[in-house]
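Participant: Here is how the chains run, residue by residue.
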Amino acid sequence: MSAANDITHADVLVVGAGPAGLAAATAAARHGCDVHVLDDNLAPGGQIWRASSVAANTQSTQPMSSREKAIAALHASGATLHCATRVFAAPANNVVDVLEQDEHGLRYTYRTLIVATGARELMLPFPGWTLPGVLGAGGLQALVRAGYSVAGKRVAVVGTGPLLIAVAAHLQEAGARVVLLAEQAGLRTMLPLAASMLLRFTKLRQGLHYAARLRGTPVRMGWWPVEAIADRGVLAGVRITNGSETRTIDCDLVATGFHLVPNSELAELLGCALAATPVGRRVLVDTYQRTTRADVFCVGEPTGIAGLDAALLQGEIAGLTAAGQPSTHLHARAAAERAFGKMLDRTFRLRKALRTLAAEDTILCRCEDASFAQVKACAGWTEAKLQTRCGMGPCQGRICGPATRVVFGWEPASVRPPLVPVPLHALISSTSHHEENL
Amino acid sequence: MHRYDLIIVGAGIIGAAVARECARSGLRVAIVEAGTPGGGITAAGMGHVVVMDDSPAQLALTAFSRGLWREESFPVSVEYASPGTIWIAADEEEMAEVFTKKETYARAGVHSQVLSAPALAALEPNLRAGLAGGLLVPEDGVMYPPAAAAYFLRQAKEWGAEMIAGRAARAGEGSVSLDGGLRLTARFVLLATGMDCALLPAMPLRMRKGHLVITDRYPGFVSHQLVELGYLKSAHKVAGDSVAFNVQPRQTGQLLIGSSRQYGSDTVAINQEILTRMLQRAEHYMPGLGAVSALRIWTGFRAATEDKLPLLGPAEGLSDDPTLWLAVGFEGLGYTHAPGAARLLADRLLGRASAMELEPFLPARLKGSAAGKALHA
Ligand SMILES: Cc1cc2nc3c(=O)[nH]c(=O)nc-3n(C[C@H](O)[C@H](O)[C@H](O)COP(=O)(O)OP(=O)(O)OC[C@H]3O[C@@H](n4cnc5c(N)ncnc54)[C@H](O)[C@@H]3O)c2cc1C
Ligand SMILES: Cc1cc2nc3c(=O)[nH]c(=O)nc-3n(C[C@H](O)[C@H](O)[C@H](O)COP(=O)(O)OP(=O)(O)OC[C@H]3O[C@@H](n4cnc5c(N)ncnc54)[C@H](O)[C@@H]3O)c2cc1C
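These protein sequence lines are chains W and Y, in that order.
So that you can map any letter, position 7 of the first sequence is 7 in the working numbering, and since no number is skipped, the others follow by simple counting.
So that you can map any letter, position 220 of the second sequence is 220 in the working numbering, and since no number is skipped, the others follow by simple counting.
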């Protein structure tokens with residue numbers, strides 16, 4: 001096959017060019033490792049540092065952002081970055097298969113692999129959540145960064161987690177009118193988090209930055225969505241409740257998300273041990289970010305949702321360790337960030353009422369149109385999958401799997417290759433290396 | 001007095017079909033399942049209901065069974081349809097086989113139609129140019145096996161069968177003991193345990209691993225189940241690994257791509273070399289498949305006997321226990337065979353006359369077989 005020669009060996013291979021992956025790659029490359037970084041986006045930065053095509057022109061006059069600094073550091077370190085490359089399979093020890101530009105199958109071999117695949121939003125089904133105009137909060141933010149205009153649009157941001165505040169602030173900056181920010185966690189649950197943020201300068205500064213942006217935005221703590229309402233097929237508003245009263249907020253867009261789910265699939269495919277979380281699985285690591293698989297590290301959100309600072313520290317620790325350098329000077333700070341992550345988990349724990357939002361006809365699996373009533377009739381994930389096709393579509397349960405875990409308490413779906421849909425010829429070209437070269 | 005006439009261990013498509021057949025014939029039936037009903041091999045295969053002529057007995061049972069499939073009125077969830085099979089002849093030598101096959105089918109009352117090269121191209125324009133022709137078997141079916149198993153099971157329950165969740169730790173002497181300690185008694189115990197030989201290690205079964213790939217939706221890309229004639233050779237081979245072009249249109253518009261056969265691998269892991277060969281074969285017959293988006297790859301195990309016929313009936317020869325019966329060893333035809341096997345077993349249990357002979361399938365024929373000894377030694 002044409003791609004048969006496309007095998008690259010990396011001393012250290014990093015999957016994911018978010019903050020965690022960039023930090024890992026930079027640290028390892030600085031200490032002499034031959035490092036390759038793969039990321040499925042068109043530009044490095046991951047979710048939080050997602051490249052903005054809109055602001056690109058104006059940024060040159062401003063001081064370097066942390067994103068630009070991290071990317072500059074990566075390039076200076078000598079690491080090689082490959083964008084638009086997606087890891088889809090791990091066919092043998094120390095080998096991964098990669099789809100480039102959604103087209104070509106490539107193969108990488110490695111001495112050390114650092115999994116830095118980030119997280120995705122948790123979407124929970126409520127009546128109307130599949131209406132056009134109801135979007136994932138992070139998804140809407142990404143759209144806006146890619147040029148989608150929200151200027152003058154009334155946006156309701158509903159769900160839970162720190163991401164909501166970030167998204168609301170960003171939408172406001174982009175000219176939207178944020179008519180509601182509804183956080184399901186109650187004010188009282190939020191207090192310990194607020195107190196801990198006061199003690200952390202960077203988090204406090206970021207918090208204050210958001211607070212300034214959101215001045216005048218109606219914020220409701222302890223409120224959650226119960227229905228997105230359409231008028232002749234067009235989104236008209238969102239109904240929210242605090243358990244005792246209900247209100248309807250008129251809006252043009254609803255941005256929703258219920259905190260994050262670790263992207264643990266690649267690590268799972270590699271055979272790393274995982275632990276169950278209330279929404280999915282996280283990868284087990286030691287203080288050096290080593291997984292239970294020799295040669296495989298994991299950093300950032302797949303090890304548990306803990307935010308940017310944790311991602312940066314974990315990345316650096318793994319990069320240093322992979323390069324045979326000491327990293328113990330970072331362990332105390334990393335432990336503190338993990339503790340912060342645990343506090344996030346506690347603060348944004350989902351209230352029970354969120355498990356029962358869906359109506360009988362609410363779609364639970366968007367890929368396959370499986371309804372709540374159909375899925376509910378099943379005894380578990382396997383039966384639901386076999387009898388309703390829930391989780392069998394292109395996303396392979398990435399979205400509905402965590403939702404069924406929250407709603408029914410089911411075990412998450414098993415992971416099979418390919419991790420993402422790939423053209424058959426990529427499977428052929430990547431697998432045909434086997435005969436010739438392995 | 002026994003609580004049941006028949007306890008069936010295993011609620012795959014076979015156990016479910018037998019339970020329904022026996023319950024509606026008036027037997028008191030219990031069906032014991034350790035996992036998700038239909039979640040065993042039944043969840044892993046293609047769902048092709050197909051007449052095959054590897055041996056006269058296979059031809060008789062597949063033709064009989066396909067007739068029973070066609071009499072059912074399934075709910076939409078079963079996705080039963082008759083797109084027909086096209087056996088593809090790559091060259092003139094295979095084309096000669098097409099004519100022989102047509103005659104063999106005709107003798108068994110199975111309608112088929114020879115396709116010239118242009119006729120084949122007209123029916124399936126995505127096949128590569130230069131093929132010699134094919135044989136269309138219009139009454140072959142395609143369905144969704146887990147839903148078919150669930151449907152048989154639902155009907156079995158309506159006829160009074162009892163479903164019992166649990167793993168059978170022991171079966172025989174007219175009883176089944178479950179892991180939790182529960183003991184059930186019956187006149188007969190039927191093992192429909194798929195590839196699991198734990199309850200009777202003497203079952204002469206070998207696992208033949210297969211790979212399948214499911215794609216995104218491409219409605220109209222393929223209209224019939226397409227199988228290369230070489231498939232017969234592939235399925236027939238007793239030893240060695242093989243791949244064949246075998247593509248099925250699902251009602252969702254998805255394509256299910258097979259097939260491979262491999263001995264000696266007992267893990268679900270994907271074998272890269274076999275997968276490559278299988279997909280290269282698929283692309284060789286249908287070049288457009290290269291651009292088609294694959295969603296998931298999985299493997300499944302066919303429980304194969306030495307002569308590639310199932311083990312149906314009393315376990316005599318493999319066990320001294322006169323109460324023990326078997327319905328296992330269906331290799332790649334368990335879906336197809338399910339209703340026919342169920343009918344023949346019920347006939348024998350009830351002493352009814354049968355539409356065809358059970359004799360070629362009796363387990364006793366494989367008494368002391370090499371496969372049985374080698375595998376379970
Ligand atoms: C949708 C979304 C929006 C967010 N927005 C904000 C925000 O505005 N503010 C904030 O403070 N925090 C935000 N976060 C949280 C933030 O991303 C984390 O706290 C932190 O930055 C995580 O860094 P990371 O490197 O672990 O993961 P990420 O930044 O998610 O980076 C992981 C990278 O790996 C890539 N990847 C994943 N799988 C593969 C694969 N198989 N092959 C190749 N590449 C792969 C991903 O595309 C991504 O680029 C957001 C999270 C999400 C999910
Ligand atoms: C890749 C592939 C493709 C195929 N394609 C086709 C096709 O197109 N057409 C066709 O006709 N056939 C096909 N087949 C064959 C078909 O899938 C099988 O023959 C059929 O599913 C067998 O069903 P079963 O009920 O015997 O086994 P299973 O579905 O495995 O059922 C056995 C059940 O018994 C249960 N069990 C086992 N032991 C115990 C115990 N001790 N206690 C309680 N429960 C127990 C198991 O949990 C399981 O649910 C294919 C097979 C494969 C692997």
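These are computed hints drawn from the structure, not numbers from a lab.
None of the values given here were measured: they were computed from a predicted structure.
Be a bit skeptical, because a hint or two may be false.
[Stated by the list, open to error] Capping the alpha-carbon separation at 25 Å, the derived lysine to any residue pairs in SDA-like fashion look like this:
no.: 1; chain 1: W; residue 1: K376; chain 2: Y; residue 2: A165
no.: 2; chain 1: W; residue 1: K376; chain 2: Y; residue 2: R3
no.: 3; chain 1: W; residue 1: K376; chain 2: Y; residue 2: P75
no.: 4; chain 1: W; residue 1: K376; chain 2: Y; residue 2: V76
no.: 5; chain 1: W; residue 1: K376; chain 2: Y; residue 2: M163
no.: 6; chain 1: W; residue 1: K376; chain 2: Y; residue 2: G264
no.: 7; chain 1: W; residue 1: K376; chain 2: Y; residue 2: E162
no.: 8; chain 1: W; residue 1: K376; chain 2: Y; residue 2: G39
no.: 9; chain 1: W; residue 1: K376; chain 2: Y; residue 2: E306
no.: 10; chain 1: Y; residue 1: K367; chain 2: Y; residue 2: G264
no.: 11; chain 1: W; residue 1: K69; chain 2: W; residue 2: A90
no.: 12; chain 1: W; residue 1: K376; chain 2: Y; residue 2: K157
no.: 13; chain 1: W; residue 1: K376; chain 2: Y; residue 2: Q155
no.: 14; chain 1: Y; residue 1: K367; chain 2: Y; residue 2: E306
Participant: Go through the numbered hints given earlier and state which of them the structure violates, listing their numbers in rising order.
Facilitator: 2, 6, 9 and 11
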